[in-house]
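Enquirer: Those protein sequences? They're chains A and B, same order as listed.
Each residue of the first sequence is one higher than the one before, counting from 5 in my numbering.
Each residue of the second sequence is one higher than the one before, counting from 5 in my numbering.
Simulated from the structure, these hints should not be mistaken for lab results.
Check before you lean on any hint, since a few could be wrong.
Pairs involving identical chains hold if they fit within one copy or between any two copies, as the list cannot separate such chains.
Straight-line Cα separation of at most 16 Å, EDC-like style, residue types lysine to aspartate or glutamate; simulated pairs [to be verified]:
id, residue 1, residue 2
1, Lys549, Asp256
2, Lys548, Glu409
3, Lys452, Glu432
4, Lys375, Asp357
5, Lys377, Asp352
6, Lys337, Glu370
2 protein chains.
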Amino acid sequence: MSVTKPSLPKGTRDFSPQEMVKRNYIFDTIKTVFRKYGYAEIQTPSMENLQTLTGKYGDEGDKLIFKILESGEYTSDINKNLLPKIDSLIVKEKTMDDFREIAKDFSRFIASTIQKIKNENPLYQKDFLLINLNSNTFLEDIKRIDCFFEIKYIFVKYLFSKKTVNPKFIHFNNRFDYYGSILNEDFCFDEIYKGFLYVINQSKSLRRIINLEISARKLLNVNELTPIISKKALRYDLTVPFARYVVMHQNDIAFPFKRFQVQPVWRADRPQKGRYREFYQCDADVVGSPSLLNEAEFVLIYHEALSKLGLKDFTIKINNRKILSGIAEIIGKPELIVDMTVAIDKLDKIGLDGVAKELIERGFTEADIEKLKPVILLQGSNIEKLVSLKSVLSASETGLKGIGEIETVFNYVAKLVTDNPKLTTQIELDITLARGLNYYTGCIFEVKTNEVAMGSIGGGGRYDDLTGMFGLKDLTGVGISFGADRIYDVLEELNLFPTSAQQGTKVLISNFDEAAELYALPLLQQLREASIASELYPSSAKLKKQMSYADAKNIPYVILIGEEEIQSNLLTLKDMASGEQQKLIAAEIIERLK
Amino acid sequence: MSVTKPSLPKGTRDFSPQEMVKRNYIFDTIKTVFRKYGYAEIQTPSMENLQTLTGKYGDEGDKLIFKILESGEYTSDINKNLLPKIDSLIVKEKTMDDFREIAKDFSRFIASTIQKIKNENPLYQKDFLLINLNSNTFLEDIKRIDCFFEIKYIFVKYLFSKKTVNPKFIHFNNRFDYYGSILNEDFCFDEIYKGFLYVINQSKSLRRIINLEISARKLLNVNELTPIISKKALRYDLTVPFARYVVMHQNDIAFPFKRFQVQPVWRADRPQKGRYREFYQCDADVVGSPSLLNEAEFVLIYHEALSKLGLKDFTIKINNRKILSGIAEIIGKPELIVDMTVAIDKLDKIGLDGVAKELIERGFTEADIEKLKPVILLQGSNIEKLVSLKSVLSASETGLKGIGEIETVFNYVAKLVTDNPKLTTQIELDITLARGLNYYTGCIFEVKTNEVAMGSIGGGGRYDDLTGMFGLKDLTGVGISFGADRIYDVLEELNLFPTSAQQGTKVLISNFDEAAELYALPLLQQLREASIASELYPSSAKLKKQMSYADAKNIPYVILIGEEEIQSNLLTLKDMASGEQQKLIAAEIIERLK
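Whenever a hint applies, use it, and build me the whole structure from the sequences.
Expert: Shown next as structure tokens:
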């Protein structure tokens with residue numbers, strides 16, 4: 005077995021014990037909140053059939069799906085598909101005959117051209133030949149044989165082999181450039197004629213090679229090859245597998261179906277800081293319930309989970325697709341809704357002037373922008389914004405419906421939470437929010453922390469036809485997602501991970517010699533019986549080594565057992581943080597560490 | 005977007021909320037025990053570099069690794085590797101000339117043969133031709149042209165085209181079988197000769213096609229193609245990624261390193277009942293500690309985790325590779341240790357006679373078997389077995405070392421657990437246990453339940469050179485694994501899942517109209533503030549529908565809020581199991597459900 009220097013695939017990560025404890029803390033916190041709100045966990049396989057995933061994420065998304073190579077002799081399927089192609093080339097022997105016919109025509113043309121030249125110029129002139137070879141008809145005839153360059157090559161090769169070459173003569177035209185320049189002054193028409201015959205004679209096998217090369221290149225085209233050698237892929241998100249799950253298990257599901265799912269997804273994105281090829285998504289969705297109570301509860305779930313994680317200043321942004329549709333409608337450009345939202349989504353980054361410029365580029369007029377301005381620059385409290393919007397959108401039924409939905413959500417939140425002024429300031433109606441517009445049909449969510457510069461740490465929305473792609477129509481879904489990796493970075497930066505969440509083994513029993521080890525064994529078991537995570541250092545070693553082991557593992561207590569301790573039954577309990585040592589009997593230690 | 009009827013890849017599974025609760029119960033129980041014994045969790049990426057995995061699981065294992073197709077324009081790499089091959093075929097034009105030379109020889113041979121026949125038989129006989137064509141020399145010459153069958157084909161095609169065919173004549177020999185039978189009686193030697201010339205004339209292009217076909221087939225060979233189009237694969241187990249992890253992070257790890265890992269693995273095995281292509285492994289390993297205390301603690305971990313899961317009658321089998329080596333050594337056939345263990349491992353299934361028969365087949369003598377018998381049929385308590393073994397293996401240093409290791413493990417267990425007679429009966433020294441023999445070097449474990457017919461539900465062992473494959477030598481490792489899927493089936497069959505483990509939402513608040521919904525909202529929030537998982541049915545609906553929702557979701561309580569309840573503030577709490585209903589104020593309900 006050869007030794008491989010180990011490495012990890014680009015964009016993937018190991019998680020150390022310290023990291024796992026922190027990650028589990030985030031996941032457990034979020035899961036606990038999901039459960040409290042009645043969401044039940046499901047899991048789907050990492051692999052889905054390729055056809056389940058393709059076409060669901062757009063062309064760009066499709067390219068980022070990790071495909072799994074068929075196992076076993078997967079090439080037999082390629083051969084099944086490739087060999088008929090090669091066979092078809094054999095059948096195409098007939099086209100070779102066609103080619104030979106063309107070649108015959110061509111040689112007849114050459115012969116007659118030469119004859120014509122000779123007839124018209126009994127003392128033939130090299131200049132005349134030049135002109136004739138440059139004529140359009142001549143080139144057209146050469147082009148009829150579509151392996152032009154190969155013919156040129158063999159032709160020159162032939163001329164070289166005749167050893168009559170002197171690099172000073174005829175320039176047929178610029179397409180013969182280099183080779184043309186090496187033809188001999190003394191070169192005669194008959195030689196040219198023979199040269200072309202030689203070319204034609206060779207070209208059959210040449211032509212076949214070219215055909216097969218083209219065929220091979222075509223065969224090895226990604227789009228053609230992939231479906232033959234890959235039928236499965238790693239999931240790209242949790243939403244499409246969830247839709248697939250709902251459709252497949254629709255008869256076993258009690259709707260409305262409230263599920264949460266915390267599993268990794270894979271994307272063949274170019275890895276960069278904060279963007280990984282394998283990362284976890286934490287999704288909660290409810291399917292089969294149009295009630296806006298669900299949207300309101302998602303606001304509360306965000307609020308509760310993030311607050312529990314120790315975040316203090318974050319914003320839960322909310323918008324509604326119908327409001328965006330209403331705005332586009334009022335301007336009279338409903339078809340440009342995507343262009344409009346893409347542009348105004350950039351307000352934070354490029355300012356009003358930038359947005360205006362982009363809107364113009366995307367087909368809006370100055371007059372449109374004047375109408376849009378009050379919407380883009382919407383200010384004030386959520387209520388004030390809603391009042392302004394209602395007047396702007398008074399002529400759009402869709403727009404007013406969107407406003408109504410937002411109001412209902414706000415009302416639900418207010419009635420659920422009667423005394424939480426903080427929550428009220430956390431929710432923000434943001435008309436520029438447009439994420440995932442292509443499939444959201446109702447409310448849209450996005451969560452940002454204001455304590456650390458970081459993209460969104462959560463988002464979601466409602467899509468009225470979640471399962472339609474799998475043939476189950478009119479099932480509405482609404483869901484949210486937590487960005488666990490980003491939340492991790494935020495908590496790390498703000499130093500918000502509780503020390504209790506970082507604790508593995510609570511106590512290490514030292515091991516200095518066999519006698520101490522023997523003494524320690526029943527104590528070890530007693531500690532564990534009291535559910536105290538504990539270890540006996542597995543073989544005798546120097547104090548320093550055992551202490552640094554405890555340090556490295558963040559073990560907060562060490563029980564030191566030496567000769568004195570064995571005789572007195574008073575064991576030394578060392579607090580690793582303070583360095584303080586105490587002499588206690590076993591029962592006291594257990595009581596203390598419980 | 006076309007509608008896809010959804011399905012799952014073979015051998016993969018969805019897990020419903022009910023299943024997830026049970027699976028989490030198993031995982032959480034095992035993880036809690038791992039943590040109590042000082043094991044810390046790590047996770048590794050689902051994908052590993054292909055070279056990290058290949059060669060670690062044997063040829064059969066390598067085939068079962070799921071490879072991931074390179075993303076992007078992965079075919080460009082094939083083309084880079086394929087096209088030079090096609091080019092090399094073009095260069096091989098020279099071999100075509102060689103072929104023509106052979107063909108010329110061959111036609112000369114035919115001509116001279118015919119001439120010879122004519123000379124010797126002025127009135128030539130068809131029978132004579134038959135004999136000559138059947139002669140070894142003739143066939144040898146045909147074989148010199150190695151596209152024998154194609155030549156035969158074209159030859160017959162030629163004969164057909166001459167329209168001189170009558171399907172009643174010459175059988176050249178059985179290799180010409182079918183075609184031979186259709187040759188014409190009036191067929192003359194000259195025609196045969198011309199036929200062969202025709203064949204030779206055609207064979208150049210034929211030969212090229214065949215060459216390219218062979219080349220294409222070769223190109224599309226799995227072993228050659230896979231490394232070009234796949235550089236990553238899904239992990240096959242948790243052990244190799246763990247070894248990779250240890251080597252990569254060796255400078256950050258405090259040894260001995262006790263880690264556990266609960267993650268899915270993927271194998272392209274043929275799916276069947278109980279065997280999946282994606283399944284979870286639950287592993288605990290310690291690396292860098294030769295102490296047999298680790299082995300003893302693994303026995304306790306098995307005992308504790310399985311007991312906590314409610315299993316009562318299970319056996320923790322233990323063996324030691326060194327004992328098996330000692331036995332093979334005593335018989336004088338150390339090189340046959342694998343054959344020996346494979347055979348005696350089958351004792352349960354095929355009995356002593358079967359084992360004896362297989363041992364003979366595998367190179368042992370009757371005398372060897374006589375020596376083996378007392379070992380194979382070892383009876384009695386663990387101590388009695390050890391006593392017998394000691395006498396059998398008295399001449400083998402290795403064997404005695406293995407016995408010593410087992411004794412040390414037993415002693416550790418006895419000293420850790422002083423009053424658990426059950427545990428003592430659960431441990432069984434089993435000399436026929438050999439799983440994973442190829443890499444285990446010390447103790448070997450296997451756990452079986454005796455309550456349900458089922459394969460092993462756990463196993464493991466010590467391997468002295470865990471990380472050597474990645475260049476870090478002499479780091480000993482010992483580990484165990486729990487078979488979570490099998491444990492799931494066992495618990496299900498024995499009905500051992502606790503009902504408490506199955507609980508998601510604890511209470512559903514009914515929703516009959518807007519007034520009731522408004523009344524319910526603050527109550528819902530109060531319940532959640534008291535950490536009671538609760539739901540309000542998200543829109544008003546008939547009682548029956550809401551009750552069956554609660555039933556389907558196993559929600560144990562429903563709060564019914566009608567007009568009367570709103571007026572009296574006395575809410576109806578329905579116990580779904582007993583059907584009992586009680587009128588209580590909100591605070592009482594919260595107290596009750598806490």
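Enquirer: Decide, hint by hint, whether the structure agrees.
Expert: How the hints compare with the structure:
1. Within a single copy, Lys549 and Asp256 get their C-alpha atoms only as close as 57 Å, which misses the 16 Å cut-off; across copies the closest is 15 Å, which meets it.
2. Taking the closest pair of Cα atoms, Lys548 and Glu409 never come within 16 Å of each other, the shortest separation being 65 Å inside a single copy and 28 Å across copies.
3. When the C-alpha separation of Lys452 and Glu432 is checked against a cutoff of 16 Å, the pair qualifies only within one copy, where the shortest distance is 11 Å, while the shortest distance between copies is 58 Å.
4. Taking identical chains as interchangeable, the C-alpha atoms of Lys375 and Asp357 lie at most 16 Å apart only when both belong to the same chain, with a minimum of 15 Å there against 94 Å between chains.
5. In this assembly of identical chains, Lys377 and Asp352 lie within 16 Å of each other by CA distance solely inside one copy; the values are 14 Å within and 83 Å between copies.
6. For the identical chains of this complex, Lys337 and Glu370 are intra-copy neighbours only, at 13 Å inside a copy versus 94 Å across copies, given an alpha-carbon limit of 16 Å.
Comparing the model with each numbered hint stated earlier shows that hint 2 is the single one that does not hold.
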